[in-house]
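Keeping their order, the protein sequence lines are chains C and Y. All residue numbers for the first sequence refer to my numbering, where the first residue is 1 and numbers rise by one. All residue numbers for the second sequence refer to my numbering, where the first residue is 1 and numbers rise by one.
Among the hints, erroneous ones may be present.
Below, computed lysine-lysine pairings styled on DSS-like, alpha-carbon distance capped at 30 Å [to be verified]:
| id | chain 1 | residue 1 | chain 2 | residue 2 |
| --- | --- | --- | --- | --- |
| 1 | C | 140 | C | 126 |
| 2 | Y | 27 | C | 144 |
| 3 | Y | 268 | C | 284 |
| 4 | Y | 268 | C | 285 |
| 5 | C | 284 | Y | 277 |
| 6 | Y | 241 | C | 285 |
| 7 | Y | 27 | C | 209 |
| 8 | C | 228 | Y | 125 |
| 9 | Y | 277 | C | 358 |
| 10 | C | 403 | Y | 254 |
| 11 | Y | 254 | C | 192 |
| 12 | C | 204 | Y | 125 |
| 13 | Y | 268 | C | 228 |
| 14 | Y | 268 | C | 358 |
| 15 | C | 285 | Y | 277 |
| 16 | C | 358 | Y | 241 |
Anything over 12 Å on all C-beta distances counts as not near chain Y; from chain C, calculated [unchecked claim]:
| id | residue |
| --- | --- |
| 17 | 7 |
| 18 | 82 |
| 19 | 144 |
| 20 | 206 |
| 21 | 238 |
| 22 | 256 |
| 23 | 275 |
| 24 | 398 |
| 25 | 413 |
| 26 | 464 |
FRET-style restraints, in silico, Cβ to Cβ [claimed, not checked]:
| id | chain 1 | residue 1 | chain 2 | residue 2 | range |
| --- | --- | --- | --- | --- | --- |
| 27 | C | 45 | Y | 57 | 29 to 37 Å |
| 28 | C | 420 | Y | 256 | 31 to 39 Å |
| 29 | Y | 1 | C | 336 | 46 to 54 Å |
| 30 | Y | 57 | C | 384 | 52 to 60 Å |
| 31 | Y | 269 | C | 104 | 28 to 36 Å |
| 32 | C | 349 | Y | 209 | 31 to 39 Å |
| 33 | C | 316 | Y | 39 | 46 to 54 Å |
Hints in this document: simulated from the structure, not taken from any laboratory. The structure presented is a predicted model; accordingly, all values stated were derived computationally and were not measured. The beta-carbon is built from N, C-alpha and C at its ideal position, and this holds for glycine as well.
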Amino acid sequence: MKVDVLKKVPVSEQDPKVRATNFDEVNLGYTKEEAMAEATRCLNCKNARCISGCPVNINIPAFIAKVKDGDVEGAYGVISRSSALPAVCGRVCPQETQCEAQCIRGIKGEAVSIGRLERFVADTAKDLGIKPQLPADMVKKNKKVAVIGAGPSGLTCAGDLAKMGYDVTIFEALHKAGGVLVYGIPEFRLPKEKVVAKEVENVKALGVKIVTDAVIGRSLTIDDLFEKEGFSAVFVGSGAGLPRFMNIPGEQSLGVFSANEYLTRSNLMGAFSEDSRTPIMRAKKAVIVGGGNVAMDAARTAKRLGAEVHVVYRRSEAELPARAEEVHHAKEEGIIFDLLTNPVEILANEEGWVTGCKCIRMELGEPDASGRRSPVEVPGSEFIIDCDAVIMSLGTSPNPLIKTTTAGLEVNKRGGIIVNESEMTTREGVFAGGDAVTGAATVILAMGAGKSAAKGIDEYLSRN
Amino acid sequence: MFEIVSKKHLGANVWLMKVVAPLVAGKAMPGQFLIVRVDDEGERIPLTVCDYDREEGIVTIVFAIVGAETERMSYLRVGDRFADIVGPLGRPSDLVDLPVEELKKKKILFIAGGVGTAPVYNQLKWLHDNGVDVDCIQGARNKDLLILENEMKAVTKNLYFATDDGSYGIHGNVCVALQQLWDEGIRYDHCVVIGPVVMMKFACQLTKKLGIPTVISMNTIMVDGTGMCGACRLLVGGQVKFACVDGPEFDGWKVDFDQAMQRSRLYKTEEGRLMLKLHEGDTHHGGCGVCS
Numbered sequence: 001m002k003v004d005v006l007k008k009v010p011v012s013e014q015d016p017k018v019r020a021t022n023f024d025e026v027n028l029g030y031t032k033e034e035a036m037a038e039a040t041r042c043l044n045c046k047n048a049r050c051i052s053g054c055p056v057n058i059n060i061p062a063f064i065a066k067v068k069d070g071d072v073e074g075a076y077g078v079i080s081r082s083s084a085l086p087a088v089c090g091r092v093c094p095q096e097t098q099c100e101a102q103c104i105r106g107i108k109g110e111a112v113s114i115g116r117l118e119r120f121v122a123d124t125a126k127d128l129g130i131k132p133q134l135p136a137d138m139v140k141k142n143k144k145v146a147v148i149g150a151g152p153s154g155l156t157c158a159g160d161l162a163k164m165g166y167d168v169t170i171f172e173a174l175h176k177a178g179g180v181l182v183y184g185i186p187e188f189r190l191p192k193e194k195v196v197a198k199e200v201e202n203v204k205a206l207g208v209k210i211v212t213d214a215v216i217g218r219s220l221t222i223d224d225l226f227e228k229e230g231f232s233a234v235f236v237g238s239g240a241g242l243p244r245f246m247n248i249p250g251e252q253s254l255g256v257f258s259a260n261e262y263l264t265r266s267n268l269m270g271a272f273s274e275d276s277r278t279p280i281m282r283a284k285k286a287v288i289v290g291g292g293n294v295a296m297d298a299a300r301t302a303k304r305l306g307a308e309v310h311v312v313y314r315r316s317e318a319e320l321p322a323r324a325e326e327v328h329h330a331k332e333e334g335i336i337f338d339l340l341t342n343p344v345e346i347l348a349n350e351e352g353w354v355t356g357c358k359c360i361r362m363e364l365g366e367p368d369a370s371g372r373r374s375p376v377e378v379p380g381s382e383f384i385i386d387c388d389a390v391i392m393s394l395g396t397s398p399n400p401l402i403k404t405t406t407a408g409l410e411v412n413k414r415g416g417i418i419v420n421e422s423e424m425t426t427r428e429g430v431f432a433g434g435d436a437v438t439g440a441a442t443v444i445l446a447m448g449a450g451k452s453a454a455k456g457i458d459e460y461l462s463r464n
Numbered sequence: 001m002f003e004i005v006s007k008k009h010l011g012a013n014v015w016l017m018k019v020v021a022p023l024v025a026g027k028a029m030p031g032q033f034l035i036v037r038v039d040d041e042g043e044r045i046p047l048t049v050c051d052y053d054r055e056e057g058i059v060t061i062v063f064a065i066v067g068a069e070t071e072r073m074s075y076l077r078v079g080d081r082f083a084d085i086v087g088p089l090g091r092p093s094d095l096v097d098l099p100v101e102e103l104k105k106k107k108i109l110f111i112a113g114g115v116g117t118a119p120v121y122n123q124l125k126w127l128h129d130n131g132v133d134v135d136c137i138q139g140a141r142n143k144d145l146l147i148l149e150n151e152m153k154a155v156t157k158n159l160y161f162a163t164d165d166g167s168y169g170i171h172g173n174v175c176v177a178l179q180q181l182w183d184e185g186i187r188y189d190h191c192v193v194i195g196p197v198v199m200m201k202f203a204c205q206l207t208k209k210l211g212i213p214t215v216i217s218m219n220t221i222m223v224d225g226t227g228m229c230g231a232c233r234l235l236v237g238g239q240v241k242f243a244c245v246d247g248p249e250f251d252g253w254k255v256d257f258d259q260a261m262q263r264s265r266l267y268k269t270e271e272g273r274l275m276l277k278l279h280e281g282d283t284h285h286g287g288c289g290v291c292s
């Protein structure tokens, strides 16, 4: 296979016209031949900057070297030493701002496609039945650790602790493990049975127990975990919380949803399928408010459910917080971007059903505290987008449940749990990470925090 | 887990089940709810807790058949298992946080309508167990729809019945009954109303007129029920609140009931379609417009 060293080996994708009508995965992944060809582009740098660009510090050149030799099992061994969820990360990590942003190849051409290679290794390993292994020299420690939430941070923390010899139990509030990987990210970006369920099985294969239908703070408190259930440390990875709304007139109308609700119905409850017993609104014309990855997921889901979709975002394209790839995919699928536009009112008919979204044009003013140019309204520029659904994708504020039921656990102004450099909270023996600490962020940052917390827990329990 | 240990038909379309769910039974308090899934494809259904037995790890649920999913629940038999039961969810009733001595000084009235009788029973029983005497008006369209009569009698000082058709107790709805008691000179200084939204709306209008502070409990559309999806939002005093984490109990004088009623209609068409599908089984063909 001929390789242009300046360019990534392209990956096959489903045709945009076809995929906009189905929920199958968009990106089809590398074949072995393509992966081995792409692997030859890695310069195997001595001072590999990509490793420091990875929140879980995967030894990237080492796994790519194995791929180059066609040794998938060896490559999987390298990755799984650092990451519990490679098939997930290979799909949803923002590699372009992390590992690939550091790649020397990127100076003159395109960075090595580390994400696609990671996905190739994880998927192939799964097909070959290769499982992550406990370290041969692992010594069982007779200590129990509780992990709250089976999302990216919790699964990572649990997997790492199990490899260190701890007896780990994850408590998950929903009926299925995976957190945002099952309720938030759609099937067409991250297949649930083929990928997420398999990665969860791999974490279980390390000896981690998962208890679903257990809401910590309600079914059991953190005090119960220490006092009644015999756990020596607790990791809180309870994720993001309640969706934000705009507080504009008409927001309670029928057909206004949070992206969390819309996506949870479609993803966790499978409502995208005609056979599902959980209802979802199949809009004719939907307005998605917001410009992040969640907004893109909601937009592309609404499109697949048959809607004409408009993304309304108050800043310009350059400020869209979503990954460039997501925006690109959305555009390819025919999603319309109404940029520098902000909703001011949601219009409804007499029965309360949404009939339109009244918007105002915006222009960029002076940079604000975040360094981004803040949008200001253009007077008199109001106009109406006719629609029957409005999906608010404006981020979340932290869930107050664990805070209000755990004495001594302090949170910051925004409601995020306060942690020190070892991820320990203000309550001894209780650690935290992921969105519960940072507010809405990425899967891989949550995994990084879970990993760092596992180290912190090990140090703490080794002292006590 | 989640095995049904007993099942009872309470009349009309209302069923009672006792189910093994130790995590819920261990912590449930009056005012809280739980979520069930009938099977692995099931929708998540929020239900109030009627009773719990901490020792045995058993919760009692009461539900009316209002859609395909609750109808499926009614098909389950003793020995069958739910796929999932999670809880307790929501905040316990404010009453349980008050010192018992203070509760004993209050003149508390409960108003229960329809299946709302189940969560009211849970609160009445807790108060009764703590030596607090309370009164209750239990309302229904007719006598056949009054549920848990003996259980309710056992935990109330005065239990009044109100039926729309006059087939039992006071002739009229719960508001008529409350007005009648008031006119007889009976006074209350705290009221808890749980039942259909329209009943709670009119009961609150009356208690406001009479000056009795009132708490209501919302049974809204929900998905996760743990503070993540925002489907259960409602307006309370002009502010967006979430029934699953801020409630389910709210100040009845401040709730925007009209909007809550409107929101409850959101999936009615879809639910109707699912009900048809359940009844027609394999012969279901998608309804009108699909025939060719």
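Results for each hint:
no.: 1; hint: 140(C) <-> 126(C); result: holds, 27 Å
no.: 2; hint: 27(Y) <-> 144(C); result: holds, 23 Å
no.: 3; hint: 268(Y) <-> 284(C); result: holds, 18 Å
no.: 4; hint: 268(Y) <-> 285(C); result: holds, 20 Å
no.: 5; hint: 284(C) <-> 277(Y); result: holds, 23 Å
no.: 6; hint: 241(Y) <-> 285(C); result: holds, 27 Å
no.: 7; hint: 27(Y) <-> 209(C); result: holds, 22 Å
no.: 8; hint: 228(C) <-> 125(Y); result: holds, 27 Å
no.: 9; hint: 277(Y) <-> 358(C); result: violated, 38 Å
no.: 10; hint: 403(C) <-> 254(Y); result: holds, 27 Å
no.: 11; hint: 254(Y) <-> 192(C); result: violated, 42 Å
no.: 12; hint: 204(C) <-> 125(Y); result: violated, 42 Å
no.: 13; hint: 268(Y) <-> 228(C); result: violated, 44 Å
no.: 14; hint: 268(Y) <-> 358(C); result: holds, 27 Å
no.: 15; hint: 285(C) <-> 277(Y); result: holds, 27 Å
no.: 16; hint: 358(C) <-> 241(Y); result: holds, 24 Å
no.: 17; hint: 7; result: holds, 41 Å
no.: 18; hint: 82; result: holds, 29 Å
no.: 19; hint: 144; result: holds, 18 Å
no.: 20; hint: 206; result: holds, 24 Å
no.: 21; hint: 238; result: violated, 9 Å
no.: 22; hint: 256; result: violated, 10 Å
no.: 23; hint: 275; result: violated, 8 Å
no.: 24; hint: 398; result: violated, 9 Å
no.: 25; hint: 413; result: holds, 19 Å
no.: 26; hint: 464; result: holds, 28 Å
no.: 27; hint: 45(C) <-> 57(Y): 29 to 37 Å; result: violated, 58 Å
no.: 28; hint: 420(C) <-> 256(Y): 31 to 39 Å; result: violated, 44 Å
no.: 29; hint: 1(Y) <-> 336(C): 46 to 54 Å; result: holds, 48 Å
no.: 30; hint: 57(Y) <-> 384(C): 52 to 60 Å; result: holds, 56 Å
no.: 31; hint: 269(Y) <-> 104(C): 28 to 36 Å; result: violated, 58 Å
no.: 32; hint: 349(C) <-> 209(Y): 31 to 39 Å; result: holds, 32 Å
no.: 33; hint: 316(C) <-> 39(Y): 46 to 54 Å; result: holds, 48 Å
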